[in-house]
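Protein chains in written order, with this note's numbering: chain A, 1 to 115; chain B, 1 to 511.
Hints listed in this document are in silico derivations from the structure and should not be mistaken for laboratory results. Just so you know, even glycine gets a beta-carbon here, dropped at the ideal spot from N, CA and C. Watch out, some of these pointers could steer you wrong.
[Unchecked claim] No more than 27 Å apart at the CA atoms, straight line, and that leaves these computed lysine-lysine pairs for DSSO-like: (1) B/Lys420 / A/Lys111; (2) B/Lys262 / B/Lys114; (3) B/Lys28 / B/Lys259; (4) B/Lys100 / B/Lys358; (5) A/Lys94 / B/Lys259; (6) B/Lys25 / B/Lys420; (7) A/Lys34 / B/Lys489; (8) B/Lys262 / A/Lys36; (9) B/Lys359 / B/Lys199; (10) A/Lys32 / B/Lys420; (11) B/Lys25 / B/Lys114; (12) A/Lys35 / B/Lys28; (13) B/Lys259 / A/Lys111; (14) A/Lys25 / A/Lys35; (15) B/Lys223 / A/Lys94; (16) B/Lys25 / B/Lys212; (17) B/Lys361 / A/Lys20.
[To be verified] Listed below are several chain B residues computed to face chain A (Cβ distance under 7 Å; list not exhaustive): (18) Lys25; (19) Arg26; (20) Gly37; (21) Ile78; (22) Ile82; (23) Leu145; (24) Thr209; (25) Thr213; (26) Ala214; (27) Ile269; (28) Thr270; (29) Leu479; (30) Leu483; (31) Thr505; (32) Arg508; (33) Arg511.
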Amino acid sequence: MNTQPITVEKDNKESIDFVKVEESKEFKSFMKSKKKFIVPWTIFFLIFYFTLPILTSYTTFLNSSFFGDISWVWVFAIAQFVMTWVLCTLYVRKANRFDEMAEDIIDEQIKGGNS
Amino acid sequence: MDATVIILFLAIVILTLVITYYAAKRTKSTGDFYTAGGGLTGWQNGLAIAGDYLSAASFLGIAGMIALNGFDGFFYSIGFLIAYLVVLFLVAEPLRNLGKYTIADMINSRFDAKKIRGAAALSTITIVLFYMIAQLVGAGALIQLLFGIDYWIAVLIVGVMMTIYVLFGGMIATSWVQITKAVLLMAGMVVISFLVLMKFNFNISSMFTAVKTATNHGADYLKPGILYTEPLGTISLMLALVLGTAGLPHILMRFFTVKDAKTARSSVITATWTIGLFYILTLFLGFGAAAFVGQNSILAANPGGNMAAPLLAQAIGGDILFAFICAVAFATILAVVAGLVLSGASAFAHDIYGQIIKKGKATDRQQMLAARNASLAVSVISILLALGAQYLNVAFLVSLAFCIAASANLPVILYTVYWKRFNTTGAVSALLTGLLSALILVSMSPSVFSPVEGAALFVGEPIFPISNPAIVSVPLGFLAGYLGTVLSKEYDPVRYAEVKVRANTGYRGPR
Numbered sequence: 001m002n003t004q005p006i007t008v009e010k011d012n013k014e015s016i017d018f019v020k021v022e023e024s025k026e027f028k029s030f031m032k033s034k035k036k037f038i039v040p041w042t043i044f045f046l047i048f049y050f051t052l053p054i055l056t057s058y059t060t061f062l063n064s065s066f067f068g069d070i071s072w073v074w075v076f077a078i079a080q081f082v083m084t085w086v087l088c089t090l091y092v093r094k095a096n097r098f099d100e101m102a103e104d105i106i107d108e109q110i111k112g113g114n115s
Numbered sequence: 001m002d003a004t005v006i007i008l009f010l011a012i013v014i015l016t017l018v019i020t021y022y023a024a025k026r027t028k029s030t031g032d033f034y035t036a037g038g039g040l041t042g043w044q045n046g047l048a049i050a051g052d053y054l055s056a057a058s059f060l061g062i063a064g065m066i067a068l069n070g071f072d073g074f075f076y077s078i079g080f081l082i083a084y085l086v087v088l089f090l091v092a093e094p095l096r097n098l099g100k101y102t103i104a105d106m107i108n109s110r111f112d113a114k115k116i117r118g119a120a121a122l123s124t125i126t127i128v129l130f131y132m133i134a135q136l137v138g139a140g141a142l143i144q145l146l147f148g149i150d151y152w153i154a155v156l157i158v159g160v161m162m163t164i165y166v167l168f169g170g171m172i173a174t175s176w177v178q179i180t181k182a183v184l185l186m187a188g189m190v191v192i193s194f195l196v197l198m199k200f201n202f203n204i205s206s207m208f209t210a211v212k213t214a215t216n217h218g219a220d221y222l223k224p225g226i227l228y229t230e231p232l233g234t235i236s237l238m239l240a241l242v243l244g245t246a247g248l249p250h251i252l253m254r255f256f257t258v259k260d261a262k263t264a265r266s267s268v269i270t271a272t273w274t275i276g277l278f279y280i281l282t283l284f285l286g287f288g289a290a291a292f293v294g295q296n297s298i299l300a301a302n303p304g305g306n307m308a309a310p311l312l313a314q315a316i317g318g319d320i321l322f323a324f325i326c327a328v329a330f331a332t333i334l335a336v337v338a339g340l341v342l343s344g345a346s347a348f349a350h351d352i353y354g355q356i357i358k359k360g361k362a363t364d365r366q367q368m369l370a371a372r373n374a375s376l377a378v379s380v381i382s383i384l385l386a387l388g389a390q391y392l393n394v395a396f397l398v399s400l401a402f403c404i405a406a407s408a409n410l411p412v413i414l415y416t417v418y419w420k421r422f423n424t425t426g427a428v429s430a431l432l433t434g435l436l437s438a439l440i441l442v443s444m445s446p447s448v449f450s451p452v453e454g455a456a457l458f459v460g461e462p463i464f465p466i467s468n469p470a471i472v473s474v475p476l477g478f479l480a481g482y483l484g485t486v487l488s489k490e491y492d493p494v495r496y497a498e499v500k501v502r503a504n505t506g507y508r509g510p511r
């Protein structure tokens, strides 16, 4: 007869060692792939965004015609919208992969094998 | 005021009260009250974010600015949208993973410090009050214009409605009022834009050609430079717009109404598509108003251009569309102020009363009572301030709110999630420096002092030359957070490891 529970719930054991989780190979590679997406694209969209007021404030070449009476400044302005939607879509695709990695870390590093 | 307007106006009042009635029955705990129990789906919350964000200033103000100033009016549309990339990439998911009801909850998931909570609550309350006064004063003037009733009655109607939603229906009522408004607003925008395009035979190029000669600006109308002639001023405003959204308490609070980071993300996506479409359509409204209403008629109705969209609706869709757009504008105002009341109340009742005074030991009943009392107090204070501010030029308060959010809240949110060394002193320094520098610089700026009588609050020469001080106050907020941290000893890498793991994985279990 089994008098003792075979597995002990995490909550009852000593606390989770988050430093160990943070230093694990899996968590580090998770953070690396997140950073690889977020940092360059954040720098990109901020530069793309501020280029518009900087160009309109200090130069006039965006006023040249793109098509009929539509000048380049309007093209650039609409491109800001397109960029936002494209980056949103790209991020969602990437984030599905991030979610899988995060779940693995919760299952393997936090709930099992740790502490 | 004709019958159609009254019927649509009453329809909105009744619809939102029905929503509130059902929401009140479902509001049983403090969690329900502040965050709808975390039970909204991604698209629901996405539409609610759009409903919370797209204020009457966006709907009527930007359409008017484009109608009167051409390209320069469109700058706001761009900044308000790109801000959502900051929210999506850097803020929404960690915020959802770490927080509970307020921004202070999120920061304190790392520090447990009352002074941080106090400073964060102070910044939230300041932002909410400024934003609210601007909204209510604008609402009073608009409803006066749209429905022909006195300013004080208009403010009271909006004030009483927002109090009812929040007091009885909490976040559930507020969310559904916001969702309803977002749907109505988008429908109105699409219909007007479609009619405008139809007038131009769906030829965008001929629309541009038409507005080139429609206004007093001539060909300059299509070029930047009519409204913003000061390069640093323009860039400073753009900075406040793009970084401010990610620090606005009433927007960030919306991320606590969903169950996890994945849903928070999908709500930002829904919000970004909706808000993006909305701001693209502001172009058709603005151009349409310039072409079919004319700048002189727009200016004659309201010097700020706020009547451009309703007048356009009347010109191309007749009295029914005019009545519908007026009703939509009313719903827009209600949805935004309700969200503001709730976030102000959470700072008072949850942060200051629940966590600082009661040290987190208040019962759910006490917390609920405090939340309702605080909602009532925030509403009454805002209504009184708005009644007193009728003749003041307070439009700048919205961009000031964005500026404080970008200078005080955003640095602390980013440092909390991403900077290992960050500590309590750094957090308090960033919050207070960002808040105070934005306030002090604005009080010396052309928004407050103008040599022209009536153009600003006071007559006089501004000491600080830029209307929106974000270009100075945002770096100051970040710098204060950095200096406060490195100049003090406190450093807890173990606690940060936990915060980093939780923020990124969404693990919410015990330690």
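- Task: Classify the hint on B/Thr209 as holds or violated, based on whether any CB of chain A lies nearer than 7 Å to its CB.
- Result: Check passed: Cβ of B/Thr209 comes within 5 Å of chain A, closer than 7 Å.
- Is the straight-line distance between the alpha-carbon of B/Lys359 and that of B/Lys199 27 Å or less? Not satisfied, since the Cα-Cα distance of roughly 63 Å exceeds 27 Å.
- Message: Against the 27 Å threshold, does the CA-CA distance of B/Lys420 and A/Lys111 hold or violate the hint?
- Response: OK: B/Lys420 and A/Lys111 at ~24 Å, within 27 Å.
- Message: Does B/Lys489 sit within 27 Å of A/Lys34, going by the straight-line distance between their CA atoms?
- Response: 30 Å, violated
- Answer holds if the nearest beta-carbon of chain A is closer than 7 Å to that of B/Ile78; otherwise answer violated. 5 Å, holds
- Item | Interface hint status, B/Arg508 versus chain A (Cβ within 7 Å) | 10 Å, violated
- Message: Between the alpha carbons of A/Lys94 and B/Lys259, is the straight-line distance 27 Å or under?
- Response: With Cα atoms ~20 Å apart, A/Lys94 and B/Lys259 stay inside 27 Å; holds.
- Holds or violated: B/Arg26 as interface residue toward chain A, Cβ cutoff 7 Å? 30 Å, violated
- Task: For the pair supplied as a hint, B/Lys361 and A/Lys20, confirm whether the alpha-carbon distance does not exceed 27 Å.
- Result: 32 Å, violated
- Task: Tell me if B/Ile82 is really an interface residue toward chain A, meaning its C-beta lies closer than 7 Å to one of theirs.
- Result: With a closest approach of 5 Å, the B/Ile82 hint holds.
- Query: Minimum Cβ distance from B/Thr505 to chain A below 7 Å?
  - Reply: 4 Å, holds
- Holds or violated: B/Lys259 to A/Lys111, with C-alpha atoms at most 27 Å apart: Cα-Cα ~21 Å, so holds.
Going down the numbered hints, you'll see the structure goes against 2, 6, 7, 9, 11, 12, 15, 16, 17, 18, 19, 20, 23, 25, 26, 28, 29, 30, 32, while the others check out.
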